[in-house]
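K.L.:
Can you make the complete structure from the sequences, with help from the hints?
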Amino acid sequence: MSRFTRRKFLQASGAGLAGILATHQAPSFAQQSTVHWIKWNDFVPASDELLRKQMLPEAMKAIGAKITLETVNGNDLQPRVTSAIQSGSGPDVFMLFNNHPHIYGASAVDVSDVAEAIGKAQGGYYNVAKANTQDGKKTLSVPWAVIGAMTSYRKSWFEEVGYNEFPKTWQEYHDAGKKLKAKGRPLGQTLGHTFGDAPTFSYPYLWSWGGKEVDEKGKVVLDSKETLESVKFMQAFWKDSFDEGGLAWDDTNNNRAFLSGTISATLNGASIYIETLRKPDQYKTEKDRPMKEDIRHSPLPRGPKGQFGFHLFQSHMVMQYSKNQKAAKEFLKWIHTPANYEKWFVSQKGYSTPPAAMWEKHKMWDEDPVMAPFKIAGKLGLSPGYAGPPNRKSAEVLTKYIVTDMYAKAVQGMSPQEAVKWAAGEVQKIYSGA
Amino acid sequence: MQRGPISRALEREDTLAFWLLAPTLVILTLFIAYPFARGVWLALSNATVGEPGHYIGLANFEKIFADSIFRTAAWNTIVYTAVTTVFKLALGLWLALLLNRHFRGKSWVRAFILLPFIIPTVLSTLAWKWMFDPTFSVFNWLFWKLHIIDSRINWLGDPDLAMASIMAVNVWRGVPFYAISLLAGLQTINPDLHEAAAIDGANRWNRFWHVTWPLLLPVTMVVVLFSVIQTFADFQLVYVLTGGGPANATHLFATYAYQIGIGTGLLSEGAAISLAMFPALLLVVVFQLWYIRKVENR
Chain A
1 MSRFTRRKFL QASGAGLAGI LATHQAPSFA QQSTVHWIKW NDFVPASDEL LRKQMLPEAM
61 KAIGAKITLE TVNGNDLQPR VTSAIQSGSG PDVFMLFNNH PHIYGASAVD VSDVAEAIGK
121 AQGGYYNVAK ANTQDGKKTL SVPWAVIGAM TSYRKSWFEE VGYNEFPKTW QEYHDAGKKL
181 KAKGRPLGQT LGHTFGDAPT FSYPYLWSWG GKEVDEKGKV VLDSKETLES VKFMQAFWKD
241 SFDEGGLAWD DTNNNRAFLS GTISATLNGA SIYIETLRKP DQYKTEKDRP MKEDIRHSPL
301 PRGPKGQFGF HLFQSHMVMQ YSKNQKAAKE FLKWIHTPAN YEKWFVSQKG YSTPPAAMWE
361 KHKMWDEDPV MAPFKIAGKL GLSPGYAGPP NRKSAEVLTK YIVTDMYAKA VQGMSPQEAV
421 KWAAGEVQKI YSGA
Chain B
1 MQRGPISRAL EREDTLAFWL LAPTLVILTL FIAYPFARGV WLALSNATVG EPGHYIGLAN
61 FEKIFADSIF RTAAWNTIVY TAVTTVFKLA LGLWLALLLN RHFRGKSWVR AFILLPFIIP
121 TVLSTLAWKW MFDPTFSVFN WLFWKLHIID SRINWLGDPD LAMASIMAVN VWRGVPFYAI
181 SLLAGLQTIN PDLHEAAAID GANRWNRFWH VTWPLLLPVT MVVVLFSVIQ TFADFQLVYV
241 LTGGGPANAT HLFATYAYQI GIGTGLLSEG AAISLAMFPA LLLVVVFQLW YIRKVENR
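So the protein lines, in turn, are chains A and B. Taking this note's numbering, I'd label the letters of the first sequence as residues 1 to 434. Taking this note's numbering, I'd label the letters of the second sequence as residues 1 to 298.
There could be a bad hint or two in this list.
[Unchecked claim] Label-pair restraints from in silico Cβ distances:
1. B:139 to A:236: 53 to 61 Å
2. A:433 to B:34: 43 to 51 Å
3. B:62 to A:60: 50 to 58 Å
4. B:71 to A:387: 27 to 35 Å
5. A:362 to B:139: 41 to 49 Å
6. B:29 to A:88: 18 to 26 Å
[What the hints assert, rightly or not] To be clear about the criterion: a stretch of chain B counts as covered by chain A if any three or more of its residues have a C-beta under 8 Å from a C-beta of chain A, and this derived list gives those stretches:
7. 244–255
8. 265–274
Please keep in mind that the hints were generated in silico from the structure rather than gathered at the bench. Using N, Cα and C, we set each Cβ at its ideal position, and we do this for glycine too.
P.N.:
Quick look at the structure:
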């Protein structure tokens with residue numbers, strides 16, 4: 001056996017380093033086409049398993065390229081995409097949330113050829129999908145799914161306080177929550193810095209009172225009578241009805257709190273209900289019945305100016321630095337082919353709603369009436385930055401959690417006037433910036 | 001024996017010194033000087049993620065100084081560093097004095113004391129996060145069982161309590177570093193000095209104040225210097241425990257820079273926030289190094 005001496009090591013590493021410095025490029029270890037796809041850890045783990053065990057091997061055969069799937073915590077996608085863009089290397093396909101594609105638009109490959117064909121063949125994309133993925137010049141990412149945000153609630157507990165149906169207005173919800181909290185079963189909602197449940201509550205809540213960060217022309221109008229009313233209402237609503245620990249919750253805390261029976265309702269994807277379906281023996285009511293039988297879903301109540309929804313939206317961006325752009329696009333075409341996408345969609349059991357209209361008619365929606373409200377989540381959802389045009393500014397407001405913080409500050413004791421003034425000032429700075 | 005030109009050159013002290021220092025200089029340039037210069041450039045540009053940007057002077061600094069969250073983060077960083085340093089020093093010194101005595105199982109105790117410092121910060125902080133969990137906090141459970149509280153304490157949801165909680169975790173993590181370093185310092189003090197002081201009639205406090213403390217001061221200053229730098233630039237602990245929340249109440253320089261630079265993609269503004277730490281840290285370092293030199297030259 002030949003010995004690997006220090007001299008040989010230095011020669012080899014020296015030559016390698018010289019090569020890297022001369023070509024300004026790190027060595028490419030895999031010469032065959034490999035698509036590195038990064039997405040969040042699905043709240044329905046069975047879907048990630050389906051992708052890994054069944055769908056990706058099929059895709060590899062179909063497109064003739066290797067596909068590597070990496071899953072990370074949803075809050076970690078932004079750091080990953082930033083470092084990948086800045087270093088010019090990393091995953092070829094990135095899952096992004098909401099209007100984040102507008103932040104990374106300069107580094108995106110135009111995928112209009114892929115997205116337009118899918119949208120056209122599948123009954124047309126919903127407005128929310130278009131707003132989040134198109135900047136007027138190119139299509140920044142291919143719409144993937146909408147995670148419907150509905151209120152999961154304990155039917156029997158609401159009935160006990162006199163609500164046989166889920167409250168229709170914020171006033172009714174406040175009243176129900178007050179009675180429930182008095183019984184040790186508060187409502188649960190995060191007002192923390194977390195990508196999903198915080199903005200999907202705070203934005204539609206604001207819109208339902210008539211508040212908006214900008215008007216149709218993009219003028220900042222957050223400092224309004226309507227916004228102020230919403231903040232004033234929230235102060236009492238929070239204290240009377242909510243679990244006040246919610247200020248420090250991330251996207252998982254409300255799931256745990258609901259499943260352990262400490263809260264009576266929370267805005268969430270369908271993951272709580274799906275978990276109780278998966279483990280009926282583990283999650284029981286106080287009457288020792290499976291908790292799944294006592295869970296129902298409802299859109300958020302209506303405010304003086306209507307009923308609104310903001311649902312976590314996901315899309316996939318093909319990165320400009322990628323050396324496998326063609327294979328990446330082929331992969332996205334393959335996975336969005338109805339026969340393939342359907343397998344994944346069905347595995348989600350309604351947790352994800354597809355971004356195009358065709359899927360509303362899918363038979364899966366008839367299987368479980370509890371999941372029915374999620375069917376039209378994509379159709380009714382709005383994009384952050386409503387009522388203005390979709391752009392990077394609204395994405396900045398979203399990622400700085402300004403709207404959520406406006407309510408968080410107020411429930412922590414700041415006067416509603418000050419909280420609105422602070423938030424409007426922050427939004428103004430962003431919209432008036434270069 | 002005939003020596004080659006290299007050997008002859010290396011015999012000259014300045015040439016040898018240069019070549020011995022060269023690897024360190026290369027490493028410092030690559031990993032400290034270049035990133036620092038790049039950070040300065042970023043802070044003076046309008047670069048965003050994926051867009052290189054161009055020079056805009058001090059506009060980013062003007063923007064961040066007008067930003068209320070930045071001011072909160074700056075104040076938080078100062079309070080966080082000051083309060084935790086005082087506690088870490090006091091508790092660390094106390095622990096070091098205890099550990100400097102002779103008792104059974106001394107080496108075991110010394111090893112265990114280091115545990116909080118050895119465990120990766122993210123892991124131990126995740127455990128603390130569970131202990132402060134709004135719903136399942138073990139502290140709340142314990143206090144409730146002991147009839148101390150009748151409603152949950154909102155450890156990480158209340159701005160002041162959240163700040164106090166992250167400080168407590170920082171102190172827990174930092175005390176072993178102080179204790180072990182100061183213990184090493186204590187062991188260099190000649191016991192004869194204590195004996196001589198005792199013979200002269202000095203009581204315990206006088207022996208500590210007039211013998212131990214002055215001799216321990218140079219070590220203490222170095223330990224405090226390292227600790228202040230690390231605490232001032234702390235990131236992991238706050239990121240894991242609160243993410244800077246609730247409503248930005250616990251942001252430090254590093255976590256806010258991360259949110260702006262990485263979360264929002266405003267790299268230049270994030271770099272400016274990071275760089276804002278530099279003058280304060282420089283002052284601290286210069287003062288402490290000056291003080292150490294003064295003490296040593298006494």
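K.L.:
Does each hint fit the structure? Answer for all of them.
P.N.:
Hints versus structure:
Hint check: residue 139 of chain B to residue 236 of chain A, Cβ distance near 29 Å, so the stated range 53 to 61 Å is violated. Residue 433 of chain A and residue 34 of chain B have their C-beta atoms about 29 Å apart, which leaves the hinted 43 to 51 Å range violated. Our hint of 50 to 58 Å for residue 62 of chain B and residue 60 of chain A holds, since their Cβ atoms are close to 52 Å apart. At roughly 32 Å, the beta-carbon separation of residue 71 of chain B and residue 387 of chain A lies within the given 27 to 35 Å, and the hint holds.
About 48 Å separates the C-beta atoms of residue 362 of chain A and residue 139 of chain B, a value consistent with the hinted range of 41 to 49 Å. In this structure, residue 29 of chain B and residue 88 of chain A meet the distance hint of 18 to 26 Å, their C-beta atoms being roughly 22 Å apart. With 6 residues carrying a beta carbon less than 8 Å from a beta carbon of chain A, the stretch 244–255 of chain B meets the three-residue requirement, and the given coverage holds. Interface restraint, the stretch 265–274 of chain B with chain A: holds (3 residues with C-beta to C-beta distance below 8 Å; minimum three).
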